[in-house]
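All chains, please: the whole structure from these sequences, using the hints.
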Amino acid sequence: MGVYIVRRLLQSVIVVIGVTLVSFLALQAGGDPTYLFVSERASLEEIEATRQALGFDRPLHMQYLSFVGDLARGDFGQSLSYRQPAMEIVLEALPATIELTLFAMLGALLLAIPLGVLAAINRGTAWDGSITTMSMLGQSIPSFWMGIMMILFFGLYMRIFPISGHVPFLAPLMAGDFGTAFSNLPRTIFHLILPGIAVGTYSLARNTRLVRSSILEVLEQDYVRTARSKGLPEMRVLVHHALRNAWLPVVTIIGLEFGFLLGGVVVVETVFSYPGIGRLLFAAINQRDIPLVQAGVILLAGIFVLLNLVVDLVYVRLDPRVKLAGGQG
Amino acid sequence: MKLRLPKARAAVAGLLSAATLTGCVERSDDTIVVGLSANITTFEPGMISSRDNANIARHIFSSLFNLTAEGEHVPELAYSLDISDDGMAYVYTLNEGLTCHDGEPLTAEDVAYTFNRIADPANRFTGNTPGFVFTSIGFRSAEAIDDLRVQINIAQRNPIALGLITEVYIHCKDAYEAMSLDAAASNPIGSGAYRLASWTRGSEVVLEKVREPGSFQRIVWRVIPEASTRTAELIAGNVDIITNVVPEQIEAINGSGRAEVQVVSGMRRMYLGFNLSAEHARLPGGDAIQNPMVRRALQYAVDVPTICRQLLSVECERATGPVNPPNDNPNLTPYPYDPATAERLLDEAGWRRGDDGMRFSIRMQAGRGRYVNDVNVVLAISQYLSDVGLDVDLELMEWASVYTPLLRGRSMGPLFFLGTGGGIWSPIYDMTDMAQVGSGTNYTHWSDPRWFDRWPELVNIATPEERRPIINEMLQVFYDDGPWLHLYFQPDFYGVSNRISWRARRDEYVEIFEATLK
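Residue numbers (my numbering), protein chains in the order written: chain A, 1 to 329; chain B, 330 to 847.
Since the hints were made in silico from the structure, they are not lab data. Treat the hints with care, as some may be off.
[Claimed, not checked] Label-pair ranges, simulated between beta-carbon atoms:
#, chain 1, residue 1, chain 2, residue 2, range
1, B, Ala512, A, Leu65, 27 to 35 Å
2, A, Pro142, B, Asn620, 47 to 55 Å
3, A, Ser140, B, Val403, 53 to 61 Å
4, A, Phe153, B, Pro634, 47 to 55 Å
5, B, Asp503, A, Val22, 40 to 48 Å
[Unchecked claim] These stretches of chain B come out as covered by chain A in the derived footprint (C-beta under 8 Å, 3 or more residues):
#, stretch
6, 361-372
7, 546-553
We treat Cβ as the ideally placed atom computed from N, Cα and C, and that holds for glycine.
Listed below in structure tokens is the structure:
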């Protein structure tokens, strides 16, 4: 397994560098970013001086190679707009997004499993129909629309939940300030509820359908029939035989989905003024703050690659039949 | 399992009481909350460039002189100014007893240091002060004469230098020499009435009062990019002022009973530019607009008041030229919407309708998402021009990466939609966009000698009274044969809570000093 992990980590370096190259070229495709860093009335001389100051006067390949060289030394460069180390700014925004993503994912999972099971064991009934319909609806509603509707209803009219903002929990926790972290926790959760629902609804809907179909498939298997014929109680059959085996596709999706959500919560973060990594990168892309975008992209790509690795390892643990290439199951 | 009702009630009550503590922010009477639409990126005085960023900075840093809402220069850190006879040396005398936020005395040496530090190429600052103010005034150097007097040296006499110097944020030498540039960007040690208490990047900035002026002990600036969320926070009573209200939400705010929208006629000049460069003259329609009569005809073709009413929800202040009222030429009136006159003038200019009903084709370019309802405004203009026989090829572009490079290269057009910032403190400031034919902001390449030949005379006259007749003559030329189709001064929309008393300014400055509780 050790060999497998090392090989995967080496592969991930190539993936991350590939991602940085693609994002670098994509940002450059929009034209010279210098214009975003000069005033409306800047003269051609000032524009040229700024271009040189920002390093955009060098050929593209030199800019990229210089970036990769710095990267190899652990230097992610300085944000052009914040004028601070780019990775420092990204890492500052990351805990907020992890809080939101974890909250949404956990909430979605905690609901998706019982709902999926409920729909599966009541296949063809009103329960099944309602849950399936709600799932389709959940997958169809755009998260920004749902966010705005929740702001209007729960934030403005009911005044139950905060309309926007964020109270940090992970950041003080990681800084060792446990007192602040845990005193913040109730407010953190309250600020997470609306954006968490907006982010998690799609996950909930998709995982509910996935659990349902997995359970239905497993319930048809011979070993389930055998378990039933042995006279085991239906609950035991469901939990020990069906659910355990239905986990595999769900684990795959959860792992990947966490990665997608980390980078994909930008709309919800914007609607709720949530200071996470999605909003930071969106602003950085608009501002063509290339070092900041690259730092964020590298971090997200790294997390995504690691999550994939973890999913593969969990797979082996859950299903002894799965063998890792180059390693032992 | 049934949930027992008393327990359920208790749970809901607990939830709601917790929500009251968390969801609806209780503000004390000494705190005011402002919701901004744009992110704050730096507190480095040499790097600040966006208006929202500058609005916060103005509370942390003071200037030598300041501009009032009416455009008057008033003393701030300095109490007097002497300008040398040749107009190239500005000597400011500071008030006594000034200090920076760390307690360091603020002297003339600090002021000189501020100017020279921002101008130092080694610092590679790209903000508004080095990139615009210093280049516009031709800044050369700054030196302390004694503890209280500082001299700012500029390249030549410049009638707008005084106003532009108000945008230089003064800071103390010892504090900034002790900090790296990285540290200075997030730890401002200013000279203003408020100091930075905390900054949560992407979320909020909290300022605490250290001296007068200022009615509130704390100002919280919250970054709320989404317009509908800003509106919801205002109506919910969680913020006191919001910027950039979108016109569609005015009714909701005014109808809430908790806040109202203040509409001010801003200083941004919105116009349709005619690119008169030789290169564009070779494009379809580019030849037609070289004729001043065609340009004048098109002034009558666009129904600006209707655009304002329908798309901006207000009656706009109409423009007759590049200068903001009250400094504009009082003898000029906005062109009326008169398509018959437009058609007649186009016929007289030799551009009659063809068999297909069209006079000529022309490309019109515009950025999207930069100005209030810009896409719809541009679509409407395009339709009005089509109505008088122009076959308009409209190109809407992403603002930052596509339109801005065209703008800087002065290569948009032949027709292009633009809004450029102005001021009310000097008509010359508004006219400097076209100080020279080749200047970077003369996007139109207009070269009429009746305008450009008068510049040396204009800037060398000492008094505003003597300048006035020349300005009026130049504005008349601009009105008759100029390179802009005059539209309107962009209205600015602010949402203001009924809890406070505050007046929005025309110049996009959000100053909280004079805001008070009702």
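Enumerate the violated hints, using their earlier numbering and listing them in ascending order. 4
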